[in-house]
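Chain residues, written in single-letter form:
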Amino acid sequence: MDSTALKYSKEHEWISVDDRDVHTVGITNYAQAELGDVVFVALPEVGAEVVQFSQMGEIESVKAVSDLFSPVSGVVVEVNEALADHPELVNQDPLGEGWLLKVRLSDANELDALMTEDEYEEMTEGLH
Amino acid sequence: MSLSVTALHSAHANLRGRMIDFNGWSMPVQYEGIMAEHRVVREGCGIFDVSHMGRIRIDGADAPEFLNMLLTNEFASMKPGLARYSLLCREDGGIIDDMVIFRLGSAEYLAIPNAGSYEKVLTWLNKWAVDFQGLSVVPLRDETSMIAVQGPRSEQIMERLTGLDLNGMRRFSHTQVSIFGRNVLVARTGYTGEDGFEVISESGDAMAIWEALMGEGCVPCGLGSRDTLRLEAGLLLYGSDMDESINPLEVGLTKFINFNKDFVGVEALRAQETAGVQRHLYGLCVDKKEGIPRAHQEVYSNGELIGETTSGTFAPSLGIGIALALLSSDFEVGATVEVDIRGKRVSSTISQLPFYVKKD
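Residue numbers (my numbering), protein chains in the order written: chain A, 1 to 128; chain B, 1001 to 1360.
Some clues are possibly wrong.
[What the hints assert, rightly or not] Only part of the chain B face toward chain A is listed, based on derived beta-carbon distances under 8 Å:
hint : residue
1    : Gln1030
2    : Gly1033
3    : Met1035
4    : Ala1212
5    : Thr1228
6    : Lys1289
7    : Ile1292
8    : Ala1295
9    : Thr1313
10   : Phe1314
11   : Leu1318
Hints are computed from structural coordinates only; laboratory data are not their basis. No residue lacks a Cβ here, since even glycine has one placed at the ideal position from N, Cα and C.
Let the sequences and hints guide you as you build the complete structure.
Okay, structure coming up:
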């Protein structure tokens, strides 16, 4: 996936940005590296509503558990079933095979509250 | 407060180890990743800097009597060249620390308490030592370092480094050897459930030994995999699975108590043995991939709260979440309980310990 076609949240999720109304959501490469080996991902069910910047699931590494936050509001239309047996995909390919879910946006304007790749990189550099 | 660092600190930095505060020590939790490091110890050979652990020498003609008075296990009849695991208990049976004690000579022992217990163990030993003339309790953590070399390939690697045939070296035995002209103590001990060795050297020699081990293909491993390895092996962690409010009978360590001698805490432990314990440490394995148990999660049986987990993790060798839990009821292996993993009751099975047994 072309990472410049993504927008980013402060909680280290990415969302694909194009003119379709279904968008793919995942966690960033920075987030997977910080988490370490991902061993379990708890995602909302298909049909569930998610709310921008609210908790939508959990991701567990060997050492710790972290909350997942939705970068936008909308309805979950698909979750990545492969993660149940292969959570390591999140580490191996966070922007591709390790995607988390697809969401139908309820308000496209919410995307404006997210960061561009350059803005996100600037933020993560400030975290070190 | 600034963190203490070991003699291998610069090696961890060069290897880009992810450093954490562990009981006041800056230690690597991982280098490449916990899963990969775990696997290398199960299948090859990993090395751990465990210099944060305590090293205390106890010297004097009365040292055997002194240790037998304080420790639950038997140390007077243990021969030089051997080591034993033991608990150090308060008068009421509460566990001050658990440790391995090496007998170096007829009147010389070396105790390896936990990093976080080092000062209190020293204080406890010194308190009782005043009654023993000529006994010295010598803290050696700063001047010495300790590297654990763990995994099925460890024997072959240690043979190359020492030039010795280690095939006949028994578990829990130890010997003074020379590695590149440096005198070190090599023990067949560890905390991973695999074959392995621990190497205690002068701190000035630790970097050369670490680099020699790296040169033999050993993979550096951090505290993250040390924890997953020990938990799979059913080995308890002081401060998590036991502390001063818990006695050895409750956590299944009765076999390390010698009731045929007098030691501090023996009356309380004898009374407890007669009365029976009210809670017991069990191994739990979650039944499905519904979450990973962590420490301090409530455990239920038929809807009733019966205790809590003391340690929990994802078990890389088993591919599922495991935990140790202190529970108030009696259970057989195979019984079902529920662990409250952040609000979700996850079905789990009481498991045989250890969870993982090494391959021959």
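Here's how the hints hold up against the structure:
Residue-level restraint check for glutamine 1030/B holds (minimum Cβ-Cβ distance to chain A is 6 Å; threshold 8 Å). Hint on glycine 1033/B holds. Least Cβ distance to chain A is approximately 5 Å, under the 8 Å limit. Look at methionine 1035/B: its Cβ gets to within about 4 Å of chain A, closer than 8 Å, so that hint holds up. The criterion of a C-beta within 8 Å of any C-beta in chain A is not met by alanine 1212/B, whose closest approach is roughly 28 Å, and the hint is violated.
The interface hint given for threonine 1228/B holds, since its Cβ lies 6 Å from the closest Cβ of chain A, which is under the 8 Å cut-off. Annotation: interface hint on lysine 1289/B holds; nearest CB of chain A at approximately 6 Å, less than 8 Å. Among the interface hints, the one on isoleucine 1292/B holds; its C-beta lies about 5 Å from the nearest C-beta in chain A, closer than the 8 Å criterion. Using the Cβ-Cβ criterion of 8 Å, the hint placing alanine 1295/B at the interface with chain A is not satisfied: the shortest such distance is roughly 11 Å.
The beta carbon of threonine 1313/B comes within 6 Å of a beta carbon in chain A, closer than 8 Å, and the hint placing it at the interface holds. Hint status for phenylalanine 1314/B: holds, given a least beta-carbon distance of 4 Å to chain A, under 8 Å. For the restraint placing leucine 1318/B at the interface with chain A, the shortest Cβ-Cβ distance is roughly 11 Å, beyond the 8 Å limit, so the hint is violated.
In this structure, the earlier hints numbered 4, 8 and 11 are contradicted, and the remaining ones agree with it.
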